[in-house]
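Could you build all of it, start to finish, from the sequences and the hints given here?
Letter by letter, the chains look like this.
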Amino acid sequence: MFRYYFEDFRPGWTFEQGERTLTAEDIVRFAREWDPQRYHVDEEQARRSPFGGLIASGWQTACVAMRLMCDGYLNASACVGSPGIEEIVFRAPVRPGDTLRFRSTATEARPSKTKPNRGTVVFNWEVLNQRGEVVLSMIGTQLFLRRGAGDPGA
Amino acid sequence: MTATLHFEDFAPGRTWEIDGPVVTREAIVEFATRFDPQYFHLDERAAAHSPFGGLIASGWHTVSICMRLICDAYLLQAASLGSPGVDEVRWLKPVRPGDRLRLRTTVLDAKPSRSRPDRGTVLHRWELFNQRDELVMQMQGYGMFARRPA
Chain A
1 MFRYYFEDFR PGWTFEQGER TLTAEDIVRF AREWDPQRYH VDEEQARRSP
51 FGGLIASGWQ TACVAMRLMC DGYLNASACV GSPGIEEIVF RAPVRPGDTL
101 RFRSTATEAR PSKTKPNRGT VVFNWEVLNQ RGEVVLSMIG TQLFLRRGAG
151 DPGA
Chain B
1 MTATLHFEDF APGRTWEIDG PVVTREAIVE FATRFDPQYF HLDERAAAHS
51 PFGGLIASGW HTVSICMRLI CDAYLLQAAS LGSPGVDEVR WLKPVRPGDR
101 LRLRTTVLDA KPSRSRPDRG TVLHRWELFN QRDELVMQMQ GYGMFARRPA
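Residue numbers (the numbering used here), protein chains in the order written: chain A, 1 to 154; chain B, 1 to 150.
Be careful, since some hints might not be right.
Straight-line alpha carbon distances no greater than 35 Å define the calculated DSBU-like cross-link-like pairs of lysine-lysine that follow [said to hold, decoys possible]:
1. A:113 to B:93
2. B:93 to A:115
3. B:93 to B:111
Rather than coming from a laboratory, the hints here were simulated on the basis of the structure.
This is the structure in structure tokens:
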């Protein structure tokens with residue numbers, strides 16, 4: 001039914017793919033909806049901010065990571081959600097014209113003690129720009145069904 | 001823009017209670033279509049067969065709703081200088097169509113910068129509740145703010 005199950009995400013498993021270029025329009029559109037701070041929505045005010053120009057909301061960069069993950073492998077996986085994220089670090093500004101790539105590395109995998117049909121995987125998720133700089137990094141946890149576990153509703 | 005809130009205004013213990021929106025099915029699907037197209041965020045029938053038993057909002061949608069609420073409640077009036085990051089995001093319960101959300105933010109800590117005397121870092125806890133007062137999400141976020149001009 002799915003291509004990837006819990007067993008496929010062993011520590012060291014890695015995936016890298018892009019690309020998504022954010023235009024000034026993309027940045028302003030997201031920010032007007034979700035994070036309308038001056039340096040995300042207004043070129044002129046952004047120029048006078050400590051960032052010296054328009055930058056993307058960190059949540060937009062995280063959403064780009066999520067979308068690239070879904071398109072790259074997650075939607076082909078038996079993922080059954082995420083209990084949370086240990087840390088998100090906004091390492092460098094994302095500016096109009098930046099082209100983002102997504103890299104995922106599994107660091108830990110443990111079968112559930114209480115639910116034998118699933119397991120937990122811990123990942124390092126990174127978003128890189130066109131110069132190879134890491135602009136955002138996260139330590140995230142997801143749950144996956146085990147191979148042969150049957151109906152995800154079980 | 002003239003900021004009315006500075007680093008000094010974020011004293012540990014200060015809280016904000018912010019009424020949030022009712023999350024509609026359309027909003028859940030629209031957000032997920034753009035950013036997190038997993039089947040349990042997109043498709044009611046497929047979601048019914050997921051462990052969640054029905055459509056649920058993307059956790060990124062929930063976080064984005066919180067961010068907008070904070071912007072409108074106080075952040076747009078603050079001398080905000082950005083955020084270095086976020087810790088311990090916990091998606092504790094699903095957010096479902098029709099849920100009405102309410103956010104509480106609390107200042108946990110506030111430290112003047114050692115290297116840059118014009119600013120300081122504030123640690124906030126965000127707690128998001130539904131209409132049954134169940135905690136659905138919590139996280140801790142760092143924000144940098146300019147100090148009040150002398």
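Each hint tested on the structure:
no.: 1; hint: A:113 to B:93; in the structure: 20 Å, holds
no.: 2; hint: B:93 to A:115; in the structure: 17 Å, holds
no.: 3; hint: B:93 to B:111; in the structure: 32 Å, holds
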